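For the record, the sequence lines run as chains H and G. If you read the first sequence in my numbering, its first letter stands for residue 1, the second for the next number, and so on. If you read the second sequence in my numbering, its first letter stands for residue 1001, the second for the next number, and so on.
Hints were generated in silico from the structure; no laboratory data involved. Since we're looking at a predicted model, the values are computed, not measured. There's no promise every hint is true.
Each computed DSS-like pair below joins lysine-lysine, with the alpha-carbon atoms no more than 25 Å apart [said to hold, decoys possible]:
1. G:K1042 <-> H:K65
2. G:K1045 <-> H:K71
3. H:K57 <-> G:K1002
4. H:K57 <-> G:K1045
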Amino acid sequence: EAQVTQNPRYLITVTGKKLTVTCSQNMNHEYMSWYRQDPGLGLRQIYYSMNVEVTDKGDVPEGYKVSRKEKRNFPLILESPSPNQTSLYFCASSLFPGNTEAFFGQGTRLTVV
Amino acid sequence: RKEVEQDPGPFNVPEGATVAFNCTYSNSASQSFFWYRQDCRKEPKLLMSVYSSGNEDGRFTAQLNRASQYISLLIRDSKLSDSATYLCVAPPTGFQKLVFGTGTRLLVSP
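Please model the entire structure based on the sequences and the hints provided.
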C-alpha cells in the first residue's frame, strides 16, 4: 500500500528539549516536504527536498532542520522547541513538486509547554 | 494579497443540497489546480484535479476560470459524509511547493 508514515502521531514536550519527527514514504518519490497547519493560517511549508541531499527552506523554516540522507526518509528536527511551534505537522511526498498529487502522512500533533 | 484565497465558511447545507465554493489565486502563471479534502484533524487527500476544460467526478464538478483567476468546486446532492474542509491548491509554475488555501468548511446536516 502506497503511504507516507509519520511518527509520533502525538507528542507533548518541554521547551528546549530536542526532538525529531520521522517521515517515510514507500512510493519512490523524489519530492518531499514538511508543512505545519495552524488555525486560520492553513498549511504552510517548512522545508522541502527535491532529492537525496537536496533540501531548501519553505515559508516558515525558522527553528527547524531537516535532512535527506535516503530517498524514502525525511525527518524534521526541532533543536530547541518553543511554545510557538505547537502545531499540527504533516509530511508529504509527490512525484513532482507542483503539478502532481501530494500524499500526506497522518500528521503529528505537537505540543510544546 | 494572499496567493490563494478561500471563504472559510462554514457552509451549512441540508442533505441533498447543491453547494459551490470558489477559490481565487493571484499568480497568473499557475498551471495546475487541485481540490483536496481534509477531515477534522486528519491529513489532506486529493479530491480532484482541475483542468482547463473542467473536471467532473460523480457528484463533484471542478471548473477553472483563468480570466478571473478562480477555480470552483460544485457538490451536488450533498451527503452527510461530505462534511469536511475543502482546500484549494494553485501552485505557480517553477515554484517548489504546493500553495494551499486556508480551506472552506462544509457542514451537511440531516
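25 Å limit on alpha-carbon distance, applied to hinted pair K1045 (chain G) and K71 (chain H): holds (22 Å)
Given hint K1002 (chain G) paired with K57 (chain H) - CA-CA distance at most 25 Å: Holds, at roughly 19 Å.
Could you grab the alpha-carbon distance between K1042 (chain G) and K65 (chain H) and see if it respects the 25 Å cut-off? It holds: about 24 Å lies between the C-alpha atoms, which stays within 25 Å.
Within 25 Å, alpha carbon to alpha carbon, are K57 (chain H) and K1045 (chain G)? holds (24 Å)
Checked against the numbered hints above, the structure breaks none of them.
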